[in-house]
Amino acid sequence: MELLANLALGFSVALSPNTLMLAVIGCILGTVIGALPGLGPSNGVAILIPLSFSLGLDATAALVLMTSVYYGAMYGGRISSILLNIPGDEPAMMTTLDGYPMAKKGQAGNALVLSGVASFVGAFLATIGLMLLAPILARVAFLFGPAEYFALYLLAFCTLGGLGSKNQTKAALSVCLGLGIAMIGVDKSTGMTRFTGDNLHLYDGIDFLVAIVGLFAVSEVFIFIESHGKNSSIGVKLEKVTIPFRMIFETRWTMLRSSIIGFVAGVLPGAGASLGSFLAYMSEKSLAKEKDKFGTGEPKGIAAPEAGNNSAAGGALVPMLTLGVPGSGTTAVLLALLMTLNITPGPLLFTERPEVVWGLIASLLIANFVLLVLNVPMVKIFSRVLQVPAAILLPGVTMISFVGIYSLSGSYFDLLLMILFGVAGFFLRKMDIPTVPVILGILLGGHMEVSLRRAMVLSDGDWTYLFASPISIGLWVAAFLGFIAPIFLRRFLTISKPQ
Amino acid sequence: MSDRITGLLTICVALAFFASATQLELPFFSDPLGPKAFPMAVSGVAIIAGIMMLVRPDQEPEWPVLSTFIKLFITTLILVIYAYSLKPLGFIIPTALASAAISYQIKPDLWKSMIIGGSLSVVLFLIFKFGLGLGLYAFPKSF
Numbered sequence: 000m001e002l003l004a005n006l007a008l009g010f011s012v013a014l015s016p017n018t019l020m021l022a023v024i025g026c027i028l029g030t031v032i033g034a035l036p037g038l039g040p041s042n043g044v045a046i047l048i049p050l051s052f053s054l055g056l057d058a059t060a061a062l063v064l065m066t067s068v069y070y071g072a073m074y075g076g077r078i079s080s081i082l083l084n085i086p087g088d089e090p091a092m093m094t095t096l097d098g099y100p101m102a103k104k105g106q107a108g109n110a111l112v113l114s115g116v117a118s119f120v121g122a123f124l125a126t127i128g129l130m131l132l133a134p135i136l137a138r139v140a141f142l143f144g145p146a147e148y149f150a151l152y153l154l155a156f157c158t159l160g161g162l163g164s165k166n167q168t169k170a171a172l173s174v175c176l177g178l179g180i181a182m183i184g185v186d187k188s189t190g191m192t193r194f195t196g197d198n199l200h201l202y203d204g205i206d207f208l209v210a211i212v213g214l215f216a217v218s219e220v221f222i223f224i225e226s227h228g229k230n231s232s233i234g235v236k237l238e239k240v241t242i243p244f245r246m247i248f249e250t251r252w253t254m255l256r257s258s259i260i261g262f263v264a265g266v267l268p269g270a271g272a273s274l275g276s277f278l279a280y281m282s283e284k285s286l287a288k289e290k291d292k293f294g295t296g297e298p299k300g301i302a303a304p305e306a307g308n309n310s311a312a313g314g315a316l317v318p319m320l321t322l323g324v325p326g327s328g329t330t331a332v333l334l335a336l337l338m339t340l341n342i343t344p345g346p347l348l349f350t351e352r353p354e355v356v357w358g359l360i361a362s363l364l365i366a367n368f369v370l371l372v373l374n375v376p377m378v379k380i381f382s383r384v385l386q387v388p389a390a391i392l393l394p395g396v397t398m399i400s401f402v403g404i405y406s407l408s409g410s411y412f413d414l415l416l417m418i419l420f421g422v423a424g425f426f427l428r429k430m431d432i433p434t435v436p437v438i439l440g441i442l443l444g445g446h447m448e449v450s451l452r453r454a455m456v457l458s459d460g461d462w463t464y465l466f467a468s469p470i471s472i473g474l475w476v477a478a479f480l481g482f483i484a485p486i487f488l489r490r491f492l493t494i495s496k497p498q
Numbered sequence: 000m001s002d003r004i005t006g007l008l009t010i011c012v013a014l015a016f017f018a019s020a021t022q023l024e025l026p027f028f029s030d031p032l033g034p035k036a037f038p039m040a041v042s043g044v045a046i047i048a049g050i051m052m053l054v055r056p057d058q059e060p061e062w063p064v065l066s067t068f069i070k071l072f073i074t075t076l077i078l079v080i081y082a083y084s085l086k087p088l089g090f091i092i093p094t095a096l097a098s099a100a101i102s103y104q105i106k107p108d109l110w111k112s113m114i115i116g117g118s119l120s121v122v123l124f125l126i127f128k129f130g131l132g133l134g135l136y137a138f139p140k141s142f
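Heads up: the sequence lines are chains U and S, in that order.
The first sequence runs 0 to 498 under numbering that gives the first Met the number 0.
The second sequence runs 0 to 142 under numbering that gives the first Met the number 0.
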């Protein structure tokens, strides 16, 4: 009953003309961003955050706009995967495996519609899951003290490093880089300046938005200039789009299974959508009778990763909203948005600002239907976006990033920092050092240190306090397993691959 | 090799970070940990990661050729100049020049990139100024 009352509150917020319009705009913008080759949800949302902030929207409105962009970009990502064989970002990669071959067979329309429907099923079920699971998790989170929060942050960093990267050392390095950057500035509890090199600009610390836009958007420009001419895949032309009812009906169980797998992968802190689409695809492949068909344009091979990654995108919102720990790169960016809007995610958000949480959930439900309309009957319009030449797109992205950051502070120093992060992002990405942990480190570093110091104040400097409660022990164990497990998992995957 | 250099660099930076953290004075009031413990722990982990990279480097990444590096350097330079000129010169002129230059880096066609730069600059200015209501100046204030 409580759920229904909350939902009613949510819809009363979401159905106001203003919010509804923002959701639709967000969906359209998101689909376009997702469809643009090379731009995915995380860098798309990243370049738009500073702008949405300077629009002076209130918290709910800004959140609705940006999460609609997020969901939209998850939908749109499949368009360039299927038609160009270029994934917009990592989670969309699995869709290229069967999507592009199917398009080459002259079934591009079918592939787009099927993946659109699968995206809808995944995202819709995940939003329901978010609705059911988030309040429960929020209740559990009330039991968290500083020691538990410290262990939770550690868990996020360990799983992110373990599951999200090929090399744990590099992920750990990347986390340290982020945490180190977070320490720059005035220490809030003592008023001391740390690591500023007496540069006045650094006293306030480094704004995480500057780091995010630099690492995600500006580095993308460098990567593109470097790789230009290498990805010369031939685009597939989109003919008439019809709805392949039979194909959709035949993959219904695939969509359902993949949505569940994706949701679970999304909820795990630090794992995110890439893991969701990967696991969904792999499990469908192992269940299938004719395994050889996968990779040649098998409908199940399209439905599974799309349902999986869109469901994971919804699942990733659960830990982000209830615990303040993001499950993916894009939710890390959304967390940055919340923090800029002065909203602290966590259990209190559900009791103190129910209109924000439930308004968001209701908007996501509405956004899903809007996206289904945009991405099935109107997919042909969005596929035109692919024809935007890079020579226009990239300068545009750069300028939007600059104006966004400039509008936040009006200081050239932040712009220089952003360029520095862009250059650093280029080298990190070339060396296979993941950039998402850097962002997460910058975002959570301050909170992590505060939790640790509070825990020490409470226990009068007794370190065993960190392992005193069953919850914190559980989190420490999970963190350890999250860091260790991928080593075995990778061995298992390399054994099973040659077959 | 790249991994080894990065590892070594990490160790140096982390040591400097560590040294800088030890200089922080402990406060008098009841904060048993103070502002130095956490940064010291972070630099400790970073040093271990640096050593690991030094000892067990990955395969060498595919670095771009020199001409591409020069291209990237020029792009960075353009962006830096752009960052400095945005305030004194207003939005339109620097944006047009910078986007034309970036566009030229991607597709070396002088006329096309100039047209792209000019039109991007004007269109973005109109969107930012009148669509989003940002306080941008089109031209230098003294005009």
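The set of hints was computed from the structure by calculation and includes no laboratory data.
As the structure is a prediction and not an experimental result, all values here were calculated from the model.
C-beta atoms are modelled at their ideal positions from N, C-alpha and C, and glycine is treated no differently.
Don't take every hint at face value.
Said to hold, decoys possible - Here are some chain U residues pointing at chain S (derived, C-beta under 7 Å):
hint, residue
1, 143
2, 178
3, 179
4, 224
5, 395
6, 398
7, 414
8, 415
9, 429
10, 430
To be verified - Estimated spans, in silico, between C-beta atoms of each pair:
hint, chain 1, residue 1, chain 2, residue 2, range
11, U, 103, S, 67, 27 to 37 Å
12, S, 22, U, 456, 21 to 31 Å
13, U, 295, S, 64, 52 to 62 Å
14, S, 67, U, 285, 18 to 28 Å
Said to hold, decoys possible - If you want the ones that stay clear, here's a sample from chain S, every Cβ over 10 Å from chain U, calculated:
hint, residue
15, 7
16, 11
17, 13
18, 34
19, 65
20, 89
21, 90
22, 92
23, 109
24, 110
25, 129
26, 131
27, 133
Here's how the hints hold up against the structure:
no.: 1; hint: 143; verdict: 19 Å, violated
no.: 2; hint: 178; verdict: 5 Å, holds
no.: 3; hint: 179; verdict: 6 Å, holds
no.: 4; hint: 224; verdict: 6 Å, holds
no.: 5; hint: 395; verdict: 6 Å, holds
no.: 6; hint: 398; verdict: 6 Å, holds
no.: 7; hint: 414; verdict: 4 Å, holds
no.: 8; hint: 415; verdict: 5 Å, holds
no.: 9; hint: 429; verdict: 5 Å, holds
no.: 10; hint: 430; verdict: 5 Å, holds
no.: 11; hint: 103/U with 67/S: 27 to 37 Å; verdict: 31 Å, holds
no.: 12; hint: 22/S with 456/U: 21 to 31 Å; verdict: 23 Å, holds
no.: 13; hint: 295/U with 64/S: 52 to 62 Å; verdict: 36 Å, violated
no.: 14; hint: 67/S with 285/U: 18 to 28 Å; verdict: 41 Å, violated
no.: 15; hint: 7; verdict: 12 Å, holds
no.: 16; hint: 11; verdict: 13 Å, holds
no.: 17; hint: 13; verdict: 7 Å, violated
no.: 18; hint: 34; verdict: 4 Å, violated
no.: 19; hint: 65; verdict: 12 Å, holds
no.: 20; hint: 89; verdict: 12 Å, holds
no.: 21; hint: 90; verdict: 8 Å, violated
no.: 22; hint: 92; verdict: 13 Å, holds
no.: 23; hint: 109; verdict: 12 Å, holds
no.: 24; hint: 110; verdict: 12 Å, holds
no.: 25; hint: 129; verdict: 13 Å, holds
no.: 26; hint: 131; verdict: 6 Å, violated
no.: 27; hint: 133; verdict: 5 Å, violated
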